[in-house]
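Participant: Quick note: the sequence shown uses this note's numbering, first residue 370, plus one each step.
Hint data in this document are derived by calculation from the structure and do not stem from the laboratory.
Heads up, some of the hints might be wrong.
[To be verified] If you anchor each label on the Cβ, the simulated ranges turn out as follows: (1) L371 - R398: 39 to 45 Å; (2) M370 - T397: 40 to 46 Å; (3) M370 - R399: 40 to 46 Å; (4) M370 - L390: 27 to 33 Å; (5) A395 - I374: 39 to 45 Å; (6) R398 - T377: 27 to 33 Å; (7) A376 - M396: 27 to 33 Å; (8) L371 - R399: 30 to 36 Å; (9) R399 - I372: 36 to 42 Å.
Virtual Cβ for every residue (Gly too), placed ideally from N, Cα, C.
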Amino acid sequence: MLIAITATMIVAISFGAFIVLWAAVAMTRRAVEVDAGLEEQPLEEWTLGMPSTQLRLS
Numbered sequence: 370m371l372i373a374i375t376a377t378m379i380v381a382i383s384f385g386a387f388i389v390l391w392a393a394v395a396m397t398r399r400a401v402e403v404d405a406g407l408e409e410q411p412l413e414e415w416t417l418g419m420p421s422t423q424l425r426l427s
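Sequences and hints are given; from them, build the entire structure.
Facilitator: What follows is the structure, encoded as structure tokens:
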């Protein structure tokens, strides 16, 4: 009886972990398809859009 309960719990936990990982993969794929900001951008675009700041050491 104890073996059956333990096996059932292990199967349930494994199935739950599989569902969580499957949902995470689906959400990641959807985010990558929708968000164009995740595409690679040339370094020039990053430097032109940023204000020049200088750090002072005191």
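Participant: Would you say the C-beta atoms of R399 and I372 sit inside 36 to 42 Å of each other?
Facilitator: holds, 41 Å
Participant: Between R398 and T377, is the Cβ distance one that fits in 27 to 33 Å?
Facilitator: Distance hint for R398, T377 holds at roughly 32 Å.
Participant: The hint says 27 to 33 Å between A376 and M396; measuring C-beta to C-beta, is that right?
Facilitator: holds, 31 Å
Participant: Is 30 to 36 Å a correct range for the gap between the Cβ atoms of L371 and R399?
Facilitator: violated, 42 Å
Participant: Taking 39 to 45 Å as the hint, is the beta-carbon distance of L371 and R398 inside that range?
Facilitator: holds, 41 Å
Participant: A range of 39 to 45 Å was offered for this pair. Does it hold for the Cβ distance of A395 and I374?
Facilitator: violated, 32 Å
Participant: Quick check on a hinted range of 27 to 33 Å for M370 and L390, using CB atoms only.
Facilitator: holds, 31 Å
Participant: Has the hinted range 40 to 46 Å been met by the Cβ atoms of M370 and T397?
Facilitator: 41 Å Cβ-Cβ, so the 40 to 46 Å window holds.
Participant: Between M370 and R399, is the Cβ distance one that fits in 40 to 46 Å?
Facilitator: holds, 44 Å
Comparing the model with each numbered hint stated earlier shows that hints 5 and 8 do not hold.
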